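*Asks:* So you can see what is in the structure, the chains are spelled out below.
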Amino acid sequence: MKLSNTPVRLLFGTMMFLMPTSVLVLSCSSAPSDPSEPADTRSALSAASQSAFELRHPRRSSGEIANRAQILAGIVSGQPLDSDALSPIATAVASPSFPGRVHLGLRGHDGLTAGYDSSRDEIWAWNESAMNDYTSPKDIGLGAAKGMFKSTLARVLSESLVAPTGLNLDPDAAEVSLIKQVIGRSDGSFRSEMVKEYSFFAQRRINGIPLMDAGVRVNVHRTGVVTLINVSGPTVEADVVQGVEVPRRAGRKVTRTVPDTDLASRVQREYPGATIKPLGLVYKPADGVDAVVAPTQTYTVSSNTTLPNGKTMHGRLQYLHYSLEDAAASPVVWPTPNPGATGDPRPQP
Amino acid sequence: MRPITSRSIFGVVALASVAFTENAGAASTYFIDESTAYAGSCSNAENLNVVSASLKTAMDARSFTGARYVNSSAISADFTESCSPSFGVGGVHAGLDSIYGDSKSVVVFAGHGGAGFFYFQTPWWGQCYTQMSSNMRLGAMSGSQATVGIWLSCDSLSIDGPSSWDNQANSQWLQQQFGFNNTIRIGDNEARDFFNATNTSSNVNAWINKFNNQGRGPVAISYGDTSTRIDLVHNSAQMYQRTFLGARGGWNSCQSAQPGFWWKSTYVVGT
Numbered sequence: 001m002k003l004s005n006t007p008v009r010l011l012f013g014t015m016m017f018l019m020p021t022s023v024l025v026l027s028c029s030s031a032p033s034d035p036s037e038p039a040d041t042r043s044a045l046s047a048a049s050q051s052a053f054e055l056r057h058p059r060r061s062s063g064e065i066a067n068r069a070q071i072l073a074g075i076v077s078g079q080p081l082d083s084d085a086l087s088p089i090a091t092a093v094a095s096p097s098f099p100g101r102v103h104l105g106l107r108g109h110d111g112l113t114a115g116y117d118s119s120r121d122e123i124w125a126w127n128e129s130a131m132n133d134y135t136s137p138k139d140i141g142l143g144a145a146k147g148m149f150k151s152t153l154a155r156v157l158s159e160s161l162v163a164p165t166g167l168n169l170d171p172d173a174a175e176v177s178l179i180k181q182v183i184g185r186s187d188g189s190f191r192s193e194m195v196k197e198y199s200f201f202a203q204r205r206i207n208g209i210p211l212m213d214a215g216v217r218v219n220v221h222r223t224g225v226v227t228l229i230n231v232s233g234p235t236v237e238a239d240v241v242q243g244v245e246v247p248r249r250a251g252r253k254v255t256r257t258v259p260d261t262d263l264a265s266r267v268q269r270e271y272p273g274a275t276i277k278p279l280g281l282v283y284k285p286a287d288g289v290d291a292v293v294a295p296t297q298t299y300t301v302s303s304n305t306t307l308p309n310g311k312t313m314h315g316r317l318q319y320l321h322y323s324l325e326d327a328a329a330s331p332v333v334w335p336t337p338n339p340g341a342t343g344d345p346r347p348q349p
Numbered sequence: 001m002r003p004i005t006s007r008s009i010f011g012v013v014a015l016a017s018v019a020f021t022e023n024a025g026a027a028s029t030y031f032i033d034e035s036t037a038y039a040g041s042c043s044n045a046e047n048l049n050v051v052s053a054s055l056k057t058a059m060d061a062r063s064f065t066g067a068r069y070v071n072s073s074a075i076s077a078d079f080t081e082s083c084s085p086s087f088g089v090g091g092v093h094a095g096l097d098s099i100y101g102d103s104k105s106v107v108v109f110a111g112h113g114g115a116g117f118f119y120f121q122t123p124w125w126g127q128c129y130t131q132m133s134s135n136m137r138l139g140a141m142s143g144s145q146a147t148v149g150i151w152l153s154c155d156s157l158s159i160d161g162p163s164s165w166d167n168q169a170n171s172q173w174l175q176q177q178f179g180f181n182n183t184i185r186i187g188d189n190e191a192r193d194f195f196n197a198t199n200t201s202s203n204v205n206a207w208i209n210k211f212n213n214q215g216r217g218p219v220a221i222s223y224g225d226t227s228t229r230i231d232l233v234h235n236s237a238q239m240y241q242r243t244f245l246g247a248r249g250g251w252n253s254c255q256s257a258q259p260g261f262w263w264k265s266t267y268v269v270g271t
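If you're matching them up, the sequences are chains A and B in order.
When the letters of the first sequence are read in order and numbered with the working numbering, they come out as residues 1 to 349.
When the letters of the second sequence are read in order and numbered with the working numbering, they come out as residues 1 to 271.
So that you can see chain A by itself, here it is in the shape it has in the complex (with noise of 0.2 angstroms):
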């Protein structure tokens, strides 16, 4: 495969650093290297390597996210449900004062817990039951977890709960994390650690680029037993073709000209001190808003700061976000810092 255009091998660049191999070889093998193609193809793939896509947060009905609650938690509780279970969650997103998150238990289902928020189609299902066992010694091992989830991942894109679409179905590209529990004496007479869930997540990418906050997340209690599955992100705006999501409707192609060197310089300079980690290229939605989003050059910073009794001070996380289309552009700061803010007048001593 030859990468003779600039666009392409900035893809390629990202998905070297961004993607785990088996989806690298899978978008590689439909990248747009086809002679054979029409030359309108060709050039359609390389315009979506790098694009901005619309991406929108379906306005659901109460009964659609009451039904999709139901399958969830039909497939973490291992039983089918019935409607009226998930009855409370109908009612609450249907009332005029909905405030656009909702986190409720099910009726007849002590222990199962089921919610949504609109602001990034997110739903979710708990077994709340199950997460409270701290004390059943059978552990199953992390391969067979990530069996566990294979297979729960598998129900919930057969329920179509979600597209297939940028998600790495493979377990073992997964992000892994631990749910660990420890008990302990405060005279050290007593202390047992030891793992209670493993927690999965497939991340949502566009062309190899990870969209943030959206995916699939599976726990599994050591016992074998799902606890949460949690569905959320936007929808995608694209047309795939051979492989590669081509923007649709208000989505266009970004050009980029501001080198990752450039940035890379720029926020070091900026944030003098900081301890400072690259994302590469990440697609950020607007939480709760339909909008055509670019991907950004993206970095954490966190502060450091020595305190006189030589402790070191971690400034919480900030998200920069940079244009790769204007390099005079500054950058989105996410969370949004408000120095500004004000509470409650404090009584005078």
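Just so you know, these hints were derived from the structure itself, not from any lab.
What you are looking at is a predicted structure, and each value in this text was computed from that prediction instead of being measured.
Take these hints with a grain of salt, some might be off.
If you anchor each label on the Cβ, the simulated ranges turn out as follows [to be verified]:
1) B:Trp-125 / A:Gly-340: 19 to 29 angstroms
2) B:His-93 / A:Glu-325: 46 to 56 angstroms
3) A:Pro-347 / B:Asp-166: 28 to 38 angstroms
4) A:Ala-250 / B:Asn-44: 54 to 64 angstroms
5) A:Thr-255 / B:Gly-90: 53 to 63 angstroms
6) A:Asp-82 / B:Gln-258: 46 to 56 angstroms
7) A:Ser-189 / B:Asn-44: 44 to 54 angstroms
8) B:Ser-253 / A:Ser-189: 21 to 31 angstroms
9) B:Val-92 / A:Val-289: 44 to 54 angstroms
Beta carbons are placed, not taken as given, at the ideal position from N, Cα and C, and that holds for glycine.
Let chain A serve as the given structure and place chain B on it in line with the hints.
*Replies:* Positioned in the frame of chain A, the structure of chain B alone reads:
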């Protein structure tokens, strides 16, 4: 898969009975300090987003009462033990926790911080931080009302080193503490969403599941006199339902040695 079944009537009654007991006399109150404007006299750290305003609104909506002080109104003395100057700045200036941080059941700090300490925008007698080990005795000594600590700052409950909690967080006398093991970002409404989730979930599950993403490493710790007690607190406490908000009690004498206790933690780490 293990099927979910409704618990027996006996179990529900027993749980309700415990909840009632834990509610008796408990004050649904809060104290919040938040710093967002750091480019000033204490440091040149980055300014921050506001993360406790919507939490306060949500707690008010549940008829909790309390105060939320921000920036120049938030100082380290609010969390510093007041019973003796030995806990304060230079061993001279005693803290004010008995009328601020340790006078309410839910106590919150939002801002910058580090392992076992919080960093403020405004200095108090020249000091911009308060340290769990040497300055703070929330839930104990003077005040003794704090029950739940929510630390919306980096590394507040860091597990770096096996004795980190023993030397820092565990020197408080709270029923529960919630914080982070890593350097993290916090969205404007995430603390609110955590609180609201405790409507139907335990504080522990709500905290862990809310913040288990982007490597934030959420940590929840519960405390009690017995192993049975910590199981009960860990699995059953729900702020939204106002359960387990009563003062822990039993460590009131100034500068006395901490009584023995059990602790139980759930936390998230990467692989």
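*Asks:* Is 44 to 54 angstroms right for how far apart the beta carbons of A:Ser-189 and B:Asn-44 are?
*Replies:* holds, 46 angstroms
*Asks:* Just tell me: holds or violated, for the beta carbon distance of A:Asp-82 and B:Gln-258 against 46 to 56 angstroms?
*Replies:* holds, 51 angstroms
*Asks:* Regarding B:Ser-253 and A:Ser-189, is the given constraint of 21 to 31 angstroms on their beta-carbon distance met?
*Replies:* holds, 24 angstroms
*Asks:* Are B:Val-92 and A:Val-289 spaced within 44 to 54 angstroms by their CB atoms?
*Replies:* Given a distance of about 52 angstroms, which is inside 44 to 54 angstroms, the answer is holds.
*Asks:* Given the range 53 to 63 angstroms, decide if the beta-carbon distance of A:Thr-255 to B:Gly-90 lies inside it.
*Replies:* holds, 60 angstroms
*Asks:* Measuring from beta carbon to beta carbon, are B:His-93 and A:Glu-325 in 46 to 56 angstroms?
*Replies:* Once the Cβ atoms are compared, 54 angstroms apart, the range 46 to 56 angstroms for A:Glu-325 and B:His-93 holds.
*Asks:* Tell me if the beta carbons of B:Trp-125 and A:Gly-340 are separated by a distance inside 19 to 29 angstroms.
*Replies:* holds, 26 angstroms
*Asks:* Evaluate the given range 54 to 64 angstroms for the C-beta pair formed by A:Ala-250 and B:Asn-44.
*Replies:* The hint (54 to 64 angstroms, Cβ to Cβ) is violated, given that A:Ala-250 and B:Asn-44 are roughly 41 angstroms apart.
*Asks:* So does A:Pro-347 sit 28 to 38 angstroms from B:Asp-166, Cβ to Cβ?
*Replies:* Since A:Pro-347 and B:Asp-166 have Cβ atoms about 37 angstroms apart, the given range 28 to 38 angstroms holds.
In this structure, the one hint that does not hold is number 4.
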